[in-house]
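Q: The lines below spell out each chain.
2 protein chains.
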Amino acid sequence: MPTLLLDKEKCLRNMENMAGKASANQLSLRPHCKTHQSAEIGNWFRNFGVKAITVSSFRMARYFAEAGWKDILVAFPFFPSEMEELIGLSEKCRLSILVDSPATLPFLHHIPHRVDFYIDIDTGYARTGVRTENPELIEQIIVKASVNPRLEFRGFYCHAGHSYKAGSRKERNQIHQKAISDLEKLKKQFGQHAPLLLYGDTPNCSMQEDFGEIDEITPGNFVFYDLVQVALGACSMEEIAVAMECPVAGRYPAGDRIVIHGGAVHFSKESLLQDGVPVYGRLVQQREEGWSKGSRNLYLRRISQEHGVLEQCGDLVRSTNIGEKLLFLPVHSCLTANLMREYLSLDGERITTLNA
Amino acid sequence: MPTLLLDKEKCLRNMENMAGKASANQLSLRPHCKTHQSAEIGNWFRNFGVKAITVSSFRMARYFAEAGWKDILVAFPFFPSEMEELIGLSEKCRLSILVDSPATLPFLHHIPHRVDFYIDIDTGYARTGVRTENPELIEQIIVKASVNPRLEFRGFYCHAGHSYKAGSRKERNQIHQKAISDLEKLKKQFGQHAPLLLYGDTPNCSMQEDFGEIDEITPGNFVFYDLVQVALGACSMEEIAVAMECPVAGRYPAGDRIVIHGGAVHFSKESLLQDGVPVYGRLVQQREEGWSKGSRNLYLRRISQEHGVLEQCGDLVRSTNIGEKLLFLPVHSCLTANLMREYLSLDGERITTLNA
Chain E
0 MPTLLLDKEK CLRNMENMAG KASANQLSLR PHCKTHQSAE IGNWFRNFGV
50 KAITVSSFRM ARYFAEAGWK DILVAFPFFP SEMEELIGLS EKCRLSILVD
100 SPATLPFLHH IPHRVDFYID IDTGYARTGV RTENPELIEQ IIVKASVNPR
150 LEFRGFYCHA GHSYKAGSRK ERNQIHQKAI SDLEKLKKQF GQHAPLLLYG
200 DTPNCSMQED FGEIDEITPG NFVFYDLVQV ALGACSMEEI AVAMECPVAG
250 RYPAGDRIVI HGGAVHFSKE SLLQDGVPVY GRLVQQREEG WSKGSRNLYL
300 RRISQEHGVL EQCGDLVRST NIGEKLLFLP VHSCLTANLM REYLSLDGER
350 ITTLNA
Chain F
0 MPTLLLDKEK CLRNMENMAG KASANQLSLR PHCKTHQSAE IGNWFRNFGV
50 KAITVSSFRM ARYFAEAGWK DILVAFPFFP SEMEELIGLS EKCRLSILVD
100 SPATLPFLHH IPHRVDFYID IDTGYARTGV RTENPELIEQ IIVKASVNPR
150 LEFRGFYCHA GHSYKAGSRK ERNQIHQKAI SDLEKLKKQF GQHAPLLLYG
200 DTPNCSMQED FGEIDEITPG NFVFYDLVQV ALGACSMEEI AVAMECPVAG
250 RYPAGDRIVI HGGAVHFSKE SLLQDGVPVY GRLVQQREEG WSKGSRNLYL
300 RRISQEHGVL EQCGDLVRST NIGEKLLFLP VHSCLTANLM REYLSLDGER
350 ITTLNA
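Protein chains in written order, with numbering that gives the first Met the number 0: chain E, 0 to 355; chain F, 0 to 355.
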């Protein structure tokens with residue numbers, strides 16, 4: 000079976016770097032837990048002074064609340080079928096939710112415990128959120144919510160996910176600057192509520208230096224990083240803290256390829272263009288302690304449900320044996336970790352997740 | 000939470016149709032269980048005379064053996080780290096494995112119970128298997144295996160997965176005919192061993208009429224079908240037996256879009272080109288009993304970890320409420336079912352899987 004290896008040292012270093020950057024910029028760090036989905040890994044953040052977290056679903060919120068977290072933001076617009084979960088959680092911890100429509104507020108009318116909310120702001124990603132061009136809608140939400148004594152407006156949240164699609168560093172910088180400046184305008188405009196500003200995905204939190212009046216950053220992927228983040232320039236190959244260990248199932252010298260046990264149900268189907276062709280993982284070199292980048296650029300170029308195909312292998316086809324284990328960096332560590340559901344540390348410790 | 004709905008009637012009809020086609024062509028049906036991964040759904044096949052199954056991993060083989068299956072083919076080249084599983088399973092059932100290299104055979108030297116094997120044949124897919132152009136290698140495997148009294152050569156297996164990538168029906172027909180003719184040649188050439196021929200993915204088993212001297216077919220996806228199969232012409236939209244039920248999290252009239260709770264960790268990132276643009280699911284119309292195709296072609300055009308974005312919604316944005324549930328046909332039902340890990344039948348019965 001394929002195994003997801005975790006280099007704890009690299010992971011701790013990634014946490015430390017992000018916590019250091021936050022602190023140097025007077026930002027709180029409220030890391031997003033959707034990447035690791037693990038109570039144990041979440042706990043490592045406590046060493047760096049982290050007291051609040053971000054999650055992407057109520058199910059994940061409950062899991063981390065049970066692991067002892069007392070301040071949790073569910074960074075997904077609230078919808079009414081989650082009401083029972085919301086009530087249960089708001090009793091146990093300081094729960095924050097996202098709202099981006101006045102239509103959500105009537106559902107929250109009879110909540111028995113205090114719930115904080117942030118207004119989700121769309122600065123150009125065009126997924127969820129109120130567009131910054133629409134302060135009237137923001138005003139409506141705040142006014143309508145104010146009649147509910149248990150619902151507290153805390154500020155604005157923005158995920159500028161379109162920075163992942165930016166074609167250049169210049170374009171990415173513009174996306175970041177617009178997000179910051181839009182949020183700052185809102186902070187001023189709704190100043191009587193002293194709103195907090197929550198912002199920041201992994202690429203921007205890793206690469207940008209100016210966070211203006213932002214109060215909290217909420218990146219998630221940086222705990223592990225991955226090939227997408229390397230391609231964006233957010234990290235180096237050496238900072239990637241997880242690797243898939245996959246047994247060789249077949250070697251085909253005539254086809255210049257190796258087939259591993261490790262497919263779409265292990266890596267996910269997330270791909271990355273490498274020289275114009277989609278790839279699903281990058282071969283790295285096994286070391287006594289973990290792995291190193293290795294000298295050759297070899298990629299999984301095809302993936303089916305359980306198979307991965309390493310092409311253009313050259314000498315490796317002849318020097319590799321059936322059953323031998325090869326290591327691969329994942330394209331998108333969040334989706335790979337979600338599928339694998341547990342980690343094996345380099346010390347041989349099994350680390351479970353929400354789905355284990 | 001998103002829920003994977005299963006229309007049992009459609010599923011049973013798909014099973015019945017495939018069993019009928021097999022029987023009309025004097026073929027045994029050894030369905031692949033990697034799509035549904037469910038003991039209960041597997042059991043439904045018994046109504047259609049099915050006595051043997053195909054799986055894609057030893058873990059899946061053990062699960063179905065525990066569910067009472069006595070004749071199981073693990074359709075993945077055997078590699079030595081699976082040895083313990085192989086020994087355990089071969090004690091409990093008639094176990095068949097795939098071999099495509101003489102290098103695998105020494106690992107099987109001391110097996111305590113009988114194991115059948117098929118030689119995996121590559122007729123052009125270029126994933127695993129011995130190329131048909133290499134009968135010397137096949138001969139080597141058979142001769143080398145013959146010294147092992149517990150290892151029995153049973154025949155040839157071929158998965159012509161490149162038919163999924165065929166650009167036209169003509170090309171797909173050629174791929175099918177080459178596979179059949181290659182396998183028939185091997186049956187003749189190695190006639191003294193009376194080899195069985197195992198072949199057949201869902202598109203070919205659904206669309207082809209001539210299976211030559213094939214003995215058993217091993218399709219899997221047809222139990223549910225999906226949008227990929229519709230695009231290939233293997234089924235109609237009405238035959239798709241699973242749909243994702245996802246709550247609406249946000250509606251954005253100015254952006255002409257609806258955002259659902261349902262993302263890459265539910266649907267998978269498998270996409271399909273629709274008018275040149277990748278899509279991740281197709282909206283269908285809820286009915287009292289299940290769903291119908293509906294009159295409009297609306298697709299999930301963007302997907303992130305937990306969010307799905309339905310674009311170009313027109314009137315639907317205004318007529319849809321937050322929290323309302325929408326239904327979507329999946330692009331690749333195998334990957335969606337693997338992520339969802341359980342089904343909800345239209346009668347409200349929960350059906351579990353290997354990963355539940």
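Please keep in mind that the hints were generated in silico from the structure rather than gathered at the bench. The reader is advised that the hints may include incorrect statements.
Note that identical chains are pooled: a pair holds if it fits in a single copy or bridges any two copies.
Claimed, not checked - Below are the DSSO-like pairs computed for lysine-lysine, each with C-alpha atoms no more than 30 Å apart in a straight line:
no., residue 1, residue 2
1, Lys143, Lys324
2, Lys91, Lys187
3, Lys91, Lys324
4, Lys187, Lys20
5, Lys187, Lys9
6, Lys184, Lys7
7, Lys177, Lys292
8, Lys187, Lys292
9, Lys164, Lys91
10, Lys164, Lys20
11, Lys69, Lys164
12, Lys91, Lys184
13, Lys50, Lys169
14, Lys292, Lys143
15, Lys7, Lys187
All figures in this text were calculated on a predicted structure; none of them were measured in a lab.
Q: Regarding Lys50 and Lys169, is the shortest C-alpha distance of 30 Å or less found within a copy, between copies, in both, or in neither?
A: Neither. Shortest intra-copy (34 Å) and inter-copy (62 Å) distances fail the 30 Å Cα cut-off.
Q: Measure nothing new, just compare the shortest in-copy and cross-copy C-alpha distances for Lys292 and Lys143 to 30 Å and report within, between, both or neither.
A: neither (54 Å within a copy, 39 Å between copies)
Q: Using 30 Å as the alpha-carbon threshold, which applies to Lys91 and Lys187: within, between, both, or neither?
A: neither (33 Å within a copy, 71 Å between copies)
Q: For Lys69 and Lys164, with the copy left unspecified, which applies at a CA distance of at most 30 Å: within, between, both, or neither?
A: neither (34 Å within a copy, 51 Å between copies)
Q: Evaluate Lys164 and Lys20 at a C-alpha cut-off of 30 Å and name the case that applies: within, between, both or neither.
A: Within one copy only: 24 Å inside a chain, 47 Å across chains, cut-off 30 Å.
Q: What label fits Lys7 with Lys187 when the C-alpha limit is 30 Å: within, between, both, or neither?
A: Cα proximity of Lys7 and Lys187: none, with 42 Å in one copy and 56 Å across.
Q: Using 30 Å as the alpha-carbon threshold, which applies to Lys177 and Lys292: within, between, both, or neither?
A: Answer is neither; intra-copy 36 Å and inter-copy 42 Å both fail.
Q: Since the copies are identical, ignore which copy is meant and state whether Lys164 and Lys91 lie within 30 Å (CA to CA) inside a copy, between copies, both or neither.
A: For Lys164 and Lys91, the Cα distance exceeds 30 Å both inside one copy (38 Å) and across copies (52 Å).
Q: At 30 Å max between alpha carbons, let me know whether Lys187 reaches Lys9 within a copy, between copies, both or neither.
A: neither (39 Å within a copy, 57 Å between copies)
Q: Tell me, please, which holds for Lys91 and Lys184 at an alpha-carbon limit of 30 Å: within, between, both or neither?
A: neither (34 Å within a copy, 69 Å between copies)
Q: Pop the pair Lys187 and Lys20 into one bin, within, between, both or neither, using alpha-carbon distances up to 30 Å.
A: Intra 25 Å, inter 70 Å, cutoff 30 Å: intra-copy only.
Q: Given identical chains, is Lys187 near Lys292, meaning Cα to Cα at most 30 Å, within a copy, between copies, both, or neither?
A: neither (47 Å within a copy, 49 Å between copies)
When the structure is compared with the earlier hints, violations turn up for hints 2, 5, 6, 7, 8, 9, 11, 12, 13, 14 and 15 and for no others.
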